[in-house]
Amino acid sequence: MRRRSPLLGLFLIADVVISVLAMGFYSSSWNFDSDLIFKHLLFLDGYDFLSNPIDFLLLAILRLTLVVVAVVLITFHYDNVATTMFMPMLGVATFCYSYTLIKFLAFSENSEMLYYPGVWFSVTWSVLAAVLFALVWYFILTAHEFDYQRLVSQRFAAANANSSVESAAERGSSDSISEHLVDASPKRISTLDHIFALLRYCQYHWFWFALGFVFLVIYAVARVFIPKYTGLVITNIVKKAGVESLVHSVLIMAALTMVSTFFGGLRGGCFDYATALVNRQVRLDLFRSLVHQEIGFFDTTKSGEMVSRLTSDCQTMSSTVSTNLNVFMRNGVMLVGAMAFMFVMSWRLSLVTFIAIPLVGFITKWYGAYYDKLSEKTQTTIADANQIAEEVLSTMRTVRSFACERREADRFENKLGDTLRMNRKKAIAYMGYSWNTEFCDNAILVAVLFYGGHLVMSNMMTTEQLITFLLYQLQLGENLYNIGYVMTGLMECVGASRKVFEYMLRDPEIANDGKREPPLEGEIKFENVYFTYPSRPNNIVLKGLDLTIQAGQTTALVGPSGGGKSSIVALIQHFYEPDKGTITIDGVNVKDISHMYYHHKIAMVAQEPVLYNGSVRYNILYGCDWATEADMLRAAQTANVHNFVMELEKGYDTDCGEKGVQMSGGQKQRIAIARALVRNPVVLILDEATSALDAESEALVQEALNRCARERTVLIVAHRLSTIEKADQIAVINKGSLVQTGNHAELMKDENGLYYSLVSKQLLASKIKGGSK
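The opening position of the sequence shown corresponds to residue 1 in UniProt numbering, with each subsequent residue numbered one higher.
Hints are computed from structural coordinates only; laboratory data are not their basis.
Incorrect hints may appear among the rest.
[To be verified] Cβ-Cβ distance ranges computed for the label pairs, FRET-style:
1) Val221 <-> Tyr597: 56 to 64 Å
2) Arg536 <-> Leu505: 19 to 27 Å
3) Phe262 <-> Tyr597: 15 to 23 Å
4) Thr395 <-> Ala699: 25 to 33 Å
5) Ala699 <-> Ile295: 49 to 57 Å
6) Phe262 <-> Thr628: 14 to 22 Å
7) Glu438 <-> Met258: 42 to 50 Å
8) Leu105 <-> Trp30: 38 to 46 Å
9) Ser28 <-> Glu438: 40 to 48 Å
10) Tyr273 <-> Ile252: 53 to 61 Å
11) Val238 <-> Ser108: 36 to 44 Å
12) Phe43 <-> Val238: 30 to 38 Å
13) His292 <-> Gln550: 27 to 35 Å
Since we're looking at a predicted model, the values are computed, not measured.
Note that CB positions come from ideal geometry on N, CA and C, so glycine has one too.
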């Protein structure tokens, strides 16, 4: 604030001083006369609205008072004073501007006053001061508030951080995770930055926009001349100027109409195609950003919300920005042309129109900001509804088995009700906006008719000029209305784009930017690894884990549920990074290895394998564009896939269905094994790969697993004794720590160990189950 105080003080002093000194030039001479100042200040000749400039000083005092009051309140730390009052103060600036033009028109009633230097000084400075007042309020006063709030927020965050660290120390984990104390809430990007970001997408397809703009200029220029010749036609009819003159005017007007119609169609086609290109680019960029995010992002972000951003939000963004760019440029060109003709016909009458333009702009700004918030909330409710729809439709078997069809329909209806309520608010806001803009348009028209009639009767304007001016006035009103509609549309677009850009500009917390491609044998080491999930930062999953998985051997991870076995698998796959410690494979940190290379060397078969809606061939070769047909057949035979596939009507071209619904559990499991084996991985991870299968399917899958486990490192996560007892090494994980290690025989010797307890319980359960039969 101190650095900006001189500028603020300079503006306030200059505002009052210039307003006072300008009164000394209210004569036809350029000589300064101080007596004129006292004459106007003391009302020696009385007050006359048409000649006394003291109004400009009163406007300056009003601006000074408001700024001083705001500075005092900010100094005493009244929260958000300048920010909250910005829109009302923008209204004050608009009032100062409009009143200044009204006063200038009042002065112009006495044509002699137009030669007073003081009139031009007062009017010019008053208009400039109105603009500076708004800029001072925004860039100095609100900026100071932001600085103060940022300081308070930093102190508050620091206090929270210290408190969190102390709590972590009390839990015995002071070495753990200060990273999670950082506030992850995204910074809200300004509306202007959003609009520029949206427009940058248009520049990628500049050719079609440029071509459309050329057609648009031709269209707009033709449209600009139509009111002129329409007015000429009306004048010829009223004055009965003759058929020849009438026909000439009508033919020109018809030719202009044909030109505008033809090039208007070309313009529309270019912009529509450009819209499709923008939509494609936005969706592609968003999808690319999403698929490169770390797995922790997907743990905390709903899939329905992401789908909603990819579909409805991207469509709203692209169509709205392209359409509004088209409308804005078209009406902008026509607006400039109409203003030029209007000024040529009567600058006085033109000022009447421009008095209200800032008022319309202020209303548009106010409603636009409100509409932006409503649009963002609306898109959020749409995303919530899409989340429910995606969740229910993808789990219809569960819904049907619990007879929850009506329940889910009601839940979806409730979310649609939220969307409807937001749309109702938007409709009410738009209704108010329409009322205000319509009122302003009609008020301007009445003012133009009244003042224009005055000018005609005063011989300052002809009847023909007034008729043509009114036609341009109507076109100008339409142009301003359309530009206001563009601003409202852009606010809706900004509301829809906030989450899209938040996702698009988000940097993954795990970069996957390793470059090394070392030869791998498969020895994996965990050294003093601490780990917490990003979605549960206060729940420490692994605590100082030290574990070595020998190359070429089979290692089994066992332990109670929730002990950290699946977390170890996720860390090996580099889905997450440890909070502390290192994970290496053959001595190389996994984060330093090339992402593509690493996942060609490590493959996993999960308990619930995911198959995509494609052929068996597509699913086996997924992600292996380099693999040949022979590689696929070899992997399929090893995984016991080939025999059952060849019995299918289309063989390897058989469609697996969405999420593999066309295949049985055992078939999906074997296809997943083939998909892992086609990579010829150095490390094969089996995460409960047979736990959900029946006896026959388990035997087939287990045979495939035994065959593919030769000559590679195998990591098994399982509970069944039959699956783990033949492992070369068994690591017992409990509460995030390694509590036992050895083979089955060695671990069974320790009767007080956790492994012995787990095996005993499993054997006892088997005996009870067998006895009950």
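**OP:** Determine whether the Cβ-Cβ distance between Phe43 and Val238 falls within the hinted range of 30 to 38 Å.
**Re:** violated, 48 Å
**OP:** Could you see if the CB distance from His292 to Gln550 stays within 27 to 35 Å?
**Re:** holds, 33 Å
Original post:
Does 42 to 50 Å hold as the CB distance between Glu438 and Met258, or does it fail?
Top reply: violated, 32 Å
**OP:** Starting from the hint 49 to 57 Å, judge whether the C-beta atoms of Ala699 and Ile295 obey it.
**Re:** violated, 33 Å
**OP:** Indicate whether the distance between the beta carbons of Leu105 and Trp30 respects the range 38 to 46 Å.
**Re:** violated, 24 Å
Original post:
So the hint says 19 to 27 Å: do the beta-carbon atoms of Arg536 and Leu505 match that?
Top reply: holds, 26 Å
**OP:** With respect to the beta-carbon atoms only, verify the hint that Thr395 and Ala699 lie 25 to 33 Å apart.
**Re:** Holds, at about 30 Å.
Original post:
Between Val221 and Tyr597, is the Cβ distance one that fits in 56 to 64 Å?
Top reply: holds, 60 Å
Subject >> Glu438 and Ser28 - C-beta distance against the hinted 40 to 48 Å >> reply: holds, 44 Å
Original post:
Between Phe262 and Tyr597, does the beta-carbon spacing fit 15 to 23 Å?
Top reply: violated, 58 Å
Original post:
Do the beta carbons of Phe262 and Thr628 sit within 14 to 22 Å of each other?
Top reply: This hint is violated: roughly 57 Å between Cβ atoms.
Original post:
Could one say that the CB atoms of Tyr273 and Ile252 fall in the range 53 to 61 Å?
Top reply: violated, 33 Å
Violated hints, in rising order: 3, 5, 6, 7, 8, 10, 11 and 12; the structure is consistent with all others.
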